[in-house]
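Asks: So the chains spell out like this:
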Amino acid sequence: MKRIISVLVENKFGVLARVSELFSSRGFNIASLSVGETLDSRLSRITMVVDGDVSIFEEIKKQLNKLINVIKVQDFTNVEHVEREMLLIKVNLSRKTRAELIEIVDIFRAKIIDVGKNNMTVEITGKDNKIQAFIELVKPFGIVEIVRTGKIAIARKKGGE
Amino acid sequence: MKKDKAEKKKLSGAEILIKSLKGNGAKVIFGYPGGAVLDVFNHMHDSDLEFYLTRHEQGAVHAADGYARASGKCGVCIATSGPGATNLVTGIATAQMDSIPLIAITGQVATSLIGNEAFQEVDATGISRAITKHNYLVKDVNNLAQIIDEAFYIATTGRPGPVLIDIPKDVQQYKSSVIKSKGVNIPGYKPTLMGNLKQIKSAAELIEKAKRPVIYAGGGVITSDASDLLRKLAEKINTPVTTTLLGLGSFPETHELSLGMLGMHGTQYANYAIMESDVILAIGARFDDRVTGKISEFAPHAKIIHIDIDPASVGKNVRVDIPIVGDAKLILKELDRYLKAKKHTDWIKEINGWKEKFPLIYRKKKDFVSPQYVIECVHEITKGKAIIATEVGQNQMWVAQYYKFDKPRTLLSSGGLGTMGYGFPAAIGAKVARPDMPVFDIAGDGSIQMNIQEMATAVIKNIGVKIIILNNGFLGMVRQWQELFYNKRYAATCLRTGALNPEKDKKYKDCPEYTPDFVKLAEAYGAAGIRITKNEDVKNAIKKALEIDGPVIIDCIIDKEENVFPMVPAGASLRQMMGGMA
Numbered sequence: 048m049k050r051i052i053s054v055l056v057e058n059k060f061g062v063l064a065r066v067s068e069l070f071s072s073r074g075f076n077i078a079s080l081s082v083g084e085t086l087d088s089r090l091s092r093i094t095m096v097v098d099g100d101v102s103i104f105e106e107i108k109k110q111l112n113k114l115i116n117v118i119k120v121q122d123f124t125n126v127e128h129v130e131r132e133m134l135l136i137k138v139n140l141s142r143k144t145r146a147e148l149i150e151i152v153d154i155f156r157a158k159i160i161d162v163g164k165n166n167m168t169v170e171i172t173g174k175d176n177k178i179q180a181f182i183e184l185v186k187p188f189g190i191v192e193i194v195r196t197g198k199i200a201i202a203r204k205k206g207g208e
Numbered sequence: 078m079k080k081d082k083a084e085k086k087k088l089s090g091a092e093i094l095i096k097s098l099k100g101n102g103a104k105v106i107f108g109y110p111g112g113a114v115l116d117v118f119n120h121m122h123d124s125d126l127e128f129y130l131t132r133h134e135q136g137a138v139h140a141a142d143g144y145a146r147a148s149g150k151c152g153v154c155i156a157t158s159g160p161g162a163t164n165l166v167t168g169i170a171t172a173q174m175d176s177i178p179l180i181a182i183t184g185q186v187a188t189s190l191i192g193n194e195a196f197q198e199v200d201a202t203g204i205s206r207a208i209t210k211h212n213y214l215v216k217d218v219n220n221l222a223q224i225i226d227e228a229f230y231i232a233t234t235g236r237p238g239p240v241l242i243d244i245p246k247d248v249q250q251y252k253s254s255v256i257k258s259k260g261v262n263i264p265g266y267k268p269t270l271m272g273n274l275k276q277i278k279s280a281a282e283l284i285e286k287a288k289r290p291v292i293y294a295g296g297g298v299i300t301s302d303a304s305d306l307l308r309k310l311a312e313k314i315n316t317p318v319t320t321t322l323l324g325l326g327s328f329p330e331t332h333e334l335s336l337g338m339l340g341m342h343g344t345q346y347a348n349y350a351i352m353e354s355d356v357i358l359a360i361g362a363r364f365d366d367r368v369t370g371k372i373s374e375f376a377p378h379a380k381i382i383h384i385d386i387d388p389a390s391v392g393k394n395v396r397v398d399i400p401i402v403g404d405a406k407l408i409l410k411e412l413d414r415y416l417k418a419k420k421h422t423d424w425i426k427e428i429n430g431w432k433e434k435f436p437l438i439y440r441k442k443k444d445f446v447s448p449q450y451v452i453e454c455v456h457e458i459t460k461g462k463a464i465i466a467t468e469v470g471q472n473q474m475w476v477a478q479y480y481k482f483d484k485p486r487t488l489l490s491s492g493g494l495g496t497m498g499y500g501f502p503a504a505i506g507a508k509v510a511r512p513d514m515p516v517f518d519i520a521g522d523g524s525i526q527m528n529i530q531e532m533a534t535a536v537i538k539n540i541g542v543k544i545i546i547l548n549n550g551f552l553g554m555v556r557q558w559q560e561l562f563y564n565k566r567y568a569a570t571c572l573r574t575g576a577l578n579p580e581k582d583k584k585y586k587d588c589p590e591y592t593p594d595f596v597k598l599a600e601a602y603g604a605a606g607i608r609i610t611k612n613e614d615v616k617n618a619i620k621k622a623l624e625i626d627g628p629v630i631i632d633c634i635i636d637k638e639e640n641v642f643p644m645v646p647a648g649a650s651l652r653q654m655m656g657g658m659a
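Protein chains in written order, with the working numbering: chain R, 48 to 208; chain H, 78 to 659.
Hint data in this document are derived by calculation from the structure and do not stem from the laboratory. It is possible that part of the hints are untrue.
Stated by the list, open to error - In silico lysine-lysine, DSBU-like type, Cα no more than 35 Å apart, as pairs:
1) R/Lys137 x R/Lys158
2) H/Lys484 x R/Lys59
3) R/Lys109 x H/Lys150
4) R/Lys59 x H/Lys85
Unchecked claim - Sample of chain H residues lacking proximity to chain R, with all beta carbon distances greater than 12 Å (derived):
5) Thr202
6) Asp366
7) Asp387
8) Gly430
9) Ala463
10) Ala601
Note that CB positions come from ideal geometry on N, CA and C, so glycine has one too.
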């Protein structure tokens, strides 16, 4: 089962390696990872999507809390939250397909951020299923490249409890 | 003029390091110099720090570890970059597994060269990340004083552990006016000390109702200095106490409530008591696999109370009914307030029955020295007032079984990592910490050779460690497993031939009797060597060794097929103990 975990850490070099090592040393794959500064520039937030056994996951959470540079660990598995991921996708384009593509982009409330002669790049934000559906729809036009940010999440209530 | 004054107040990184080490109470440092730590040594040269030059960096880190275990203070060691740092790795991992407070300082190539595959460069913080409690790469001399104070704080508080500080050569040379820390306040590190009161009360209720309680004490009791409290509490609730290997000494083994050590080579009565218990009070122990045996069959009738300062250790291996996170001493003090005096006459009687029926017992050999007897004699002659270091393997288990540890900080042994070569340098560190105490290293002929070079350190500084080698010409514990579980196929465990198949090897019959000759080896280093081959000579040899000022090797020739019993095979239930008599 995929889980989203958010780790508030000190904004220092080497911290990301400490955090990711706890997963890698137990054979956990990190499906996605995103890091950014928080309101307080001394702190960063690492949001990860990981996949693996529950009991090992619980163990890793405890070990994360033990890391000196980790301030807080938040597991979104059973917490009401909203999550988003952003995708940049470059799709083949021809005069024939242009109209149809623009229509799909509109329906998904995505955004065209670059257009070239033979392709265009679309930015889309949303949950997994929306992004997946979009990818499926534009596949027939020919996808050149995809870049995604990895999921970020925020609890709906303060503190996420 | 003014500028000159400000310049004068500045100190170099090396000076700040030494000032901060001293500020944190360090008096003794074990280490080995090299190119990337020359500046530090250059300033140590003029300081009043007591420095011990070992003959290998691994010796330095184990000595610092032994110093820490014997004294309760933080150990400090120093090595250069590259191979100096990698040679520390085993010792740092040893300290990490056994929760020993330790500061390891490594030199690093200059910051401009980091990542360039410079001469003697390794990524010391990268390599040590998984084996330290925390580590630092100091990139700015202005942070150095702060980092040293933080490192000591992290190493010595909560569940203690090693902290490595990697200091590039230019950082040691740069000057800074920041020569003091601002005080330590680490937002992500606030160890819980006082246990949850509600949990403590529930624990007291459970203990109150218990009919067959057992206390299972680990190294945490010694770390938190809770031995006296433990004894009083055990007496008050009339509950027998078994300890882990690292817990030996946390409860007097000569006490009638003592069950000795439990687990794979524990006493049968300790293991039976655990298996039949209805409440286990675990204090500062972590339910290691060598302790629990087959985890699904461990203590089937027992409710478990687990006191530990490390939340990650609680509930990691066994289901815990009442977890209490915090410092053992504070929690026991509080718990004691809610406990009434109890008597468990029937339970104690049952346990005493097991003690009579399944005692630790061995046959004294006629043509060899019996290792168990040697250990009993050390205890008898020193009246238990000695520090005993062990190596790893049979020597370690015989010590755990046959030496009656009554006081905390008298056993130094690599329990978690199981590091051969730990005992001798650790004993050196312990003797430096406690020159008033006789210090022994009980070794095997295999493990002693892993750090034998420290003979030079001991001889030159006249550190009177008495090394007792239980010499069977084999890697005894591995050979024992081969005998029991691998059909006596002694692949590569015979030290006299080094052969994969010693039975076929012709040299097996006419190889030199002892390689090396440990008596001659002791003499080569300028120490005394004594060889004994019979039990009659054991006491005299120990007495003689104690009379000699300085290190001594006693080479005891023991039977090559001597075994450690009783034994629970790996992965079996604690009920399935093999062999009552060794």
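Asks: It remains to establish, for every hint, whether it holds in the given structure.
Replies: Each hint tested on the structure:
1. With a CA separation close to 12 Å, the supplied pair R/Lys137 and R/Lys158 stays within the 35 Å bound.
2. Only pairs whose Cα atoms come within 35 Å are accepted, and H/Lys484 paired with R/Lys59 is rejected, the gap being roughly 43 Å.
3. Of the pairs offered as hints, the one joining R/Lys109 and H/Lys150 holds, with about 27 Å between alpha carbons and a cut-off of 35 Å not exceeded.
4. Note on R/Lys59 and H/Lys85: the hinted pairing holds, with a Cα-Cα distance of about 31 Å set against a maximum of 35 Å.
5. Listed as a non-interface residue, H/Thr202 fails to keep its Cβ farther than 12 Å from every Cβ of chain R; the least gap is roughly 7 Å.
6. A cut-off of 12 Å between C-beta atoms confirms that H/Asp366 is not in contact with chain R; the least separation is 15 Å.
7. Annotated as non-interface, H/Asp387 brings its C-beta within 12 Å of a C-beta of chain R; the closest such distance is 7 Å.
8. At roughly 39 Å from the closest C-beta of chain R, the C-beta of H/Gly430 stays outside 12 Å, upholding its exclusion from the interface.
9. For H/Ala463, the condition that its CB be more than 12 Å from all CB atoms of chain R holds, with the nearest at approximately 36 Å.
10. At roughly 44 Å, the least C-beta separation between H/Ala601 and chain R is larger than 12 Å, which holds for a residue marked as non-interface.
Hint compliance for this structure: hints 2, 5 and 7 are not met, and every other hint is.
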